[in-house]
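*Asks:* Sequence:
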Amino acid sequence: MFAPAFCITSAINFADTPIFEILPILYIVWFIMEALHNQKNLKLSLLYALLATFIMALAPWMWTGWWYGYYIVTVFLILYLIYTFLVSRYRDKIPLPLVVDDVKTLLPIAATFILGSALLISLLYGVDTFINGILSPFEFIKIKEATKTTGWPNVYTTVAELQTPTLLEIVNGALGNTFLFILGVLGILTSFISIRYEKEGMKIDLKYALLLTIWLVVTFYAATKGARFISLMVPPLCIGIGILVGQLVNVIKRRDDELIKWILYPTVVILFLYTFYKALPKILKIILPTTYVPVVAYGFLLVLLILALYKLVDIVVSRDKVKKIVILLLALSLVLPPLASAVPFYTVPTFNNGWKVGLDWIKEETPNNTVITCWWDNGHIYAWATRKMITFDGGSQNSPRAYWVGRAFATSDENLSVGIVRMLATSGDKAFERGGILMNYTDNNVSMTVKILNEILPISRSEAFRVLTEKYHLSDEDAKTLLNYTHPEHPNPDYLITYNRMTDIAPVWSMFGFWDFGFELTSFQRVFNLPAEYKGASSKETG
Numbered sequence: 148m149f150a151p152a153f154c155i156t157s158a159i160n161f162a163d164t165p166i167f168e169i170l171p172i173l174y175i176v177w178f179i180m181e182a183l184h185n186q187k188n189l190k191l192s193l194l195y196a197l198l199a200t201f202i203m204a205l206a207p208w209m210w211t212g213w214w215y216g217y218y219i220v221t222v223f224l225i226l227y228l229i230y231t232f233l234v235s236r237y238r239d240k241i242p243l244p245l246v247v248d249d250v251k252t253l254l255p256i257a258a259t260f261i262l263g264s265a266l267l268i269s270l271l272y273g274v275d276t277f278i279n280g281i282l283s284p285f286e287f288i289k290i291k292e293a294t295k296t297t298g299w300p301n302v303y304t305t306v307a308e309l310q311t312p313t314l315l316e317i318v319n320g321a322l323g324n325t326f327l328f329i330l331g332v333l334g335i336l337t338s339f340i341s342i343r344y345e346k347e348g349m350k351i352d353l354k355y356a357l358l359l360t361i362w363l364v365v366t367f368y369a370a371t372k373g374a375r376f377i378s379l380m381v382p383p384l385c386i387g388i389g390i391l392v393g394q395l396v397n398v399i400k401r402r403d404d405e406l407i408k409w410i411l412y413p414t415v416v417i418l419f420l421y422t423f424y425k426a427l428p429k430i431l432k433i434i435l436p437t438t439y440v441p442v443v444a445y446g447f448l449l450v451l452l453i454l455a456l457y458k459l460v461d462i463v464v465s466r467d468k469v470k471k472i473v474i475l476l477l478a479l480s481l482v483l484p485p486l487a488s489a490v491p492f493y494t495v496p497t498f499n500n501g502w503k504v505g506l507d508w509i510k511e512e513t514p515n516n517t518v519i520t521c522w523w524d525n526g527h528i529y530a531w532a533t534r535k536m537i538t539f540d541g542g543s544q545n546s547p548r549a550y551w552v553g554r555a556f557a558t559s560d561e562n563l564s565v566g567i568v569r570m571l572a573t574s575g576d577k578a579f580e581r582g583g584i585l586m587n588y589t590d591n592n593v594s595m596t597v598k599i600l601n602e603i604l605p606i607s608r609s610e611a612f613r614v615l616t617e618k619y620h621l622s623d624e625d626a627k628t629l630l631n632y633t634h635p636e637h638p639n640p641d642y643l644i645t646y647n648r649m650t651d652i653a654p655v656w657s658m659f660g661f662w663d664f665g666f667e668l669t670s671f672q673r674v675f676n677l678p679a680e681y682k683g684a685s686s687k688e689t690g
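In this text, residue positions in the sequence shown follow this note's numbering: the first is 148, and each later residue adds one.
A few of these clues could be false.
[Stated by the list, open to error] Cross-link-like lysine-lysine pairs, in silico, DSS-like; alpha carbons within 30 Å at most:
id	residue 1	residue 2
1	470	458
2	408	432
3	510	400
4	468	458
These are calculated hints, taken from the structure and not from any lab test. Quick caveat: nothing in here was measured; it's all calculated off a predicted structure.
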């Protein structure tokens, strides 16, 4: 929970909610593992598989990147089926204490999840949602190409969280430091060994290592595409650490030889002293804060204190005091570093009381058809606080609106800015959408579409009609339809919101506002013999 990549963006009053990105897959993995553990009871096993399927069906409602969890679990089930089939067939020739499941019971579990999830997602959200999810990995690879195939600029190239992190930033960002990252990887690599069986000795069970390896590889690749995805690595690494610690605890409990006393025990004590020394200054800043600290940090420290006191009481009444002290120190050594790395924050929350007063006024004093125009980063906050429509937010950030909202902010022509806001607030994307009047007229030439709109938006409806019909030779009917989008007779009321950080990110929105589409001479231009200034036209502001 206090991994830096997860905690910093999950606190109250911050816009992001990565909890919804990892919760579904955590529950899905839990239920799938329960299904595999209960294969002797087929009904119970299938019930767990159905629960995993149900959670998978809810995932698209929580996050558009839901498909990564579906891919991870599906690939795991298919590979585990193949492994189980091969091992079952050649088990007599493999001299290893393998834990092998029954293919006949494993197959319905896999089919229930893979096919059931596909069916439910298609029924609840449409077949297109499922198909787009299946194809999304191919789009994810190209997530930061400067210009999309649609011809519009790609806003993802400027999102800070999508900047490519270094390997060290990925490692430290996941769990707080390199040491914990290494422990997580070691836990995943050693998770195929099970020493839970006291009488039967050590067993080799591949399913945990296989699932966690796939999970970590997929999320690590995602992290290389942007720091925003580092948080996806937290669950498999934490589970890996938990497995490794569980293995060590079992070793401590069951063995009492010289190796444990003189090697493992001192190592744990030294590790605790080192982590406590490194974490103490930051823990003190949580207790005596000088900057913003989330309330949840205090709650976590309180829970940690209660658990520590409980374990101390257990140690006092226990016969194996040394072993339990070592186990407690080991647990604290793993908990303190991520907590210390995550807080205190050096960035105050986005939403505050001043915002609330202004947004409450919009909510209570403006008509229901009021629209808010803003840069995308706080769009969700405005929508939640005002219960009004938003022209631009995180869900529409990588769309043509990045250009238009940026243009409204960047231009020195106030009439153009008003025209853009009026168009977006009333008709949305209809004036420039693919398949619309203007895009069909320009043969899907985004540059010329933008040029025409930039020309007509600052002027009156009557003047714009004359430009469209006389200069660009649109029919009267098409011109009137287009003007209903750009110059509506009854536009929705709109509030343009800016805030102090807009000056800090001015290079971003102004880059999109001054975007040079740089199109070449087309048959469209030649047919209508447009003036030279419209050949190779640009949306770039010149003065």
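*Asks:* Keeping to a limit of 30 Å between CA atoms, is the pair of residue 408 and residue 432 held or broken?
*Replies:* 36 Å, violated
*Asks:* If you draw a straight line from the CA of residue 468 to the CA of residue 458, is it 30 Å or shorter?
*Replies:* 11 Å, holds
*Asks:* Starting from residue 510, check that the Cα of residue 400 is at most 30 Å away, please.
*Replies:* Cα-Cα ~61 Å, so violated.
*Asks:* Residue 470 and residue 458 were given as a pair; does the straight-line alpha-carbon distance stay at or below 30 Å?
*Replies:* 12 Å, holds
Hints 2 and 3 from the earlier list are contradicted by this structure; the remaining hints agree with it.
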